[in-house]
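Trainee: Sequence:
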Amino acid sequence: MTSPLLIKCQQALMAPKGYSAELDGWRALCHEDQAISTLQARYQQDTANAKLRIVRKKLQVGWCVEVPQASPVLDATFQLIQTTTKSLRYRTAALDQLNLDLNHAVEQVGASDDLASDRSTFMVEMQETATILHQATSRSLVLMDEVGRGTSVQDGLAIAQAVVEDLLTRHTRLLFATHFTELGRSMAPSSPVAYHHMQVVVDGGSLVFSHRVVPGVASASYGIEVAALAGCPAHVVDRAKALVSQQQQSTVGLRQDENGLTI
4 MTSPLLIKCQ QALMAPKGYS AELDGWRALC HEDQAISTLQ ARYQQDTANA
54 KLRIVRKKLQ VGWCVEVPQA SPVLDATFQL IQTTTKSLRY RTAALDQLNL
104 DLNHAVEQVG ASDDLASDRS TFMVEMQETA TILHQATSRS LVLMDEVGRG
154 TSVQDGLAIA QAVVEDLLTR HTRLLFATHF TELGRSMAPS SPVAYHHMQV
204 VVDGGSLVFS HRVVPGVASA SYGIEVAALA GCPAHVVDRA KALVSQQQQS
254 TVGLRQDENG LTI
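Sequential numbering from 4 applies to the sequence shown in our numbering.
What the hints contain is simulated information worked out from the structure, not anything from laboratory work.
A few of these clues could be false.
[Unchecked claim] Label-pair distances were calculated between CB atoms; the ranges are: (1) T154 <-> P192: 25 to 31 Å; (2) G208 <-> S123: 35 to 41 Å; (3) C235 <-> P192: 36 to 42 Å; (4) C235 <-> V204: 19 to 25 Å.
All values derive from a computational prediction rather than experimental measurement.
We put the CB at the ideal spot given by N, CA and C, even for glycine.
Go ahead and model the full structure; you've got the sequences and the hints to work with.
Mentor: Pasting the structure below:
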């Protein structure tokens, strides 16, 4: 049996560019056996004011990817349909009716993306990093948090280290927060860096967070242990530990310390 999913995107507000587009009508998506099959969409555009480029965009709806065929659409319009919580700082979208065989809908997404400008969270953070690298001097105070997240571990770690090394050559005052504990072992011993970490006490295999800043490099990132504390199912945690064990010889940052906790 096929059930309709009716979506009405009432308004897409592109505040950074000072432009808004009123979207008309509704988008009918049909699903059968948990697969969305068709998509047709229309839009209205203020051609006198529009300065956004018109592109063909892929629409990701749950488990399926659809490519609009009938007409090109405003950049990010279709992503607005699915992005209806954290990323609505500059955009609003409304679901008029949801008549699909679902018990609930949930999401876990990055919160810094700028779809109106076609920039992912990682692109936004890299552009901010680029601005810092172009402007920082020996008289600058630079605070950076988790540079390199949002891409592969290898790429992220390499970017983070390259950024730190570049700022150190300028004698920039830098506070650099990261989960890449490998940085403390890969930086040159002569680097003018003071390492500190948030203290974690291991008590019988359990973690106790003291919330104290203490000297030295953290011995582990405790990612899997935190996932367990957060309530992730035991079989998922056990599977993650098994994967760490398999990958510990070949993957950066996925090893175990003397307590058997993930590094």
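Trainee: Evaluate each hint against the coordinates.
Mentor: Going down the list of hints, with the structure as the test:
no., hint, in the structure
1, T154 <-> P192: 25 to 31 Å, "holds, 27 Å"
2, G208 <-> S123: 35 to 41 Å, "holds, 38 Å"
3, C235 <-> P192: 36 to 42 Å, "holds, 38 Å"
4, C235 <-> V204: 19 to 25 Å, "holds, 22 Å"
Hint violations for this structure: none, all hints satisfied.
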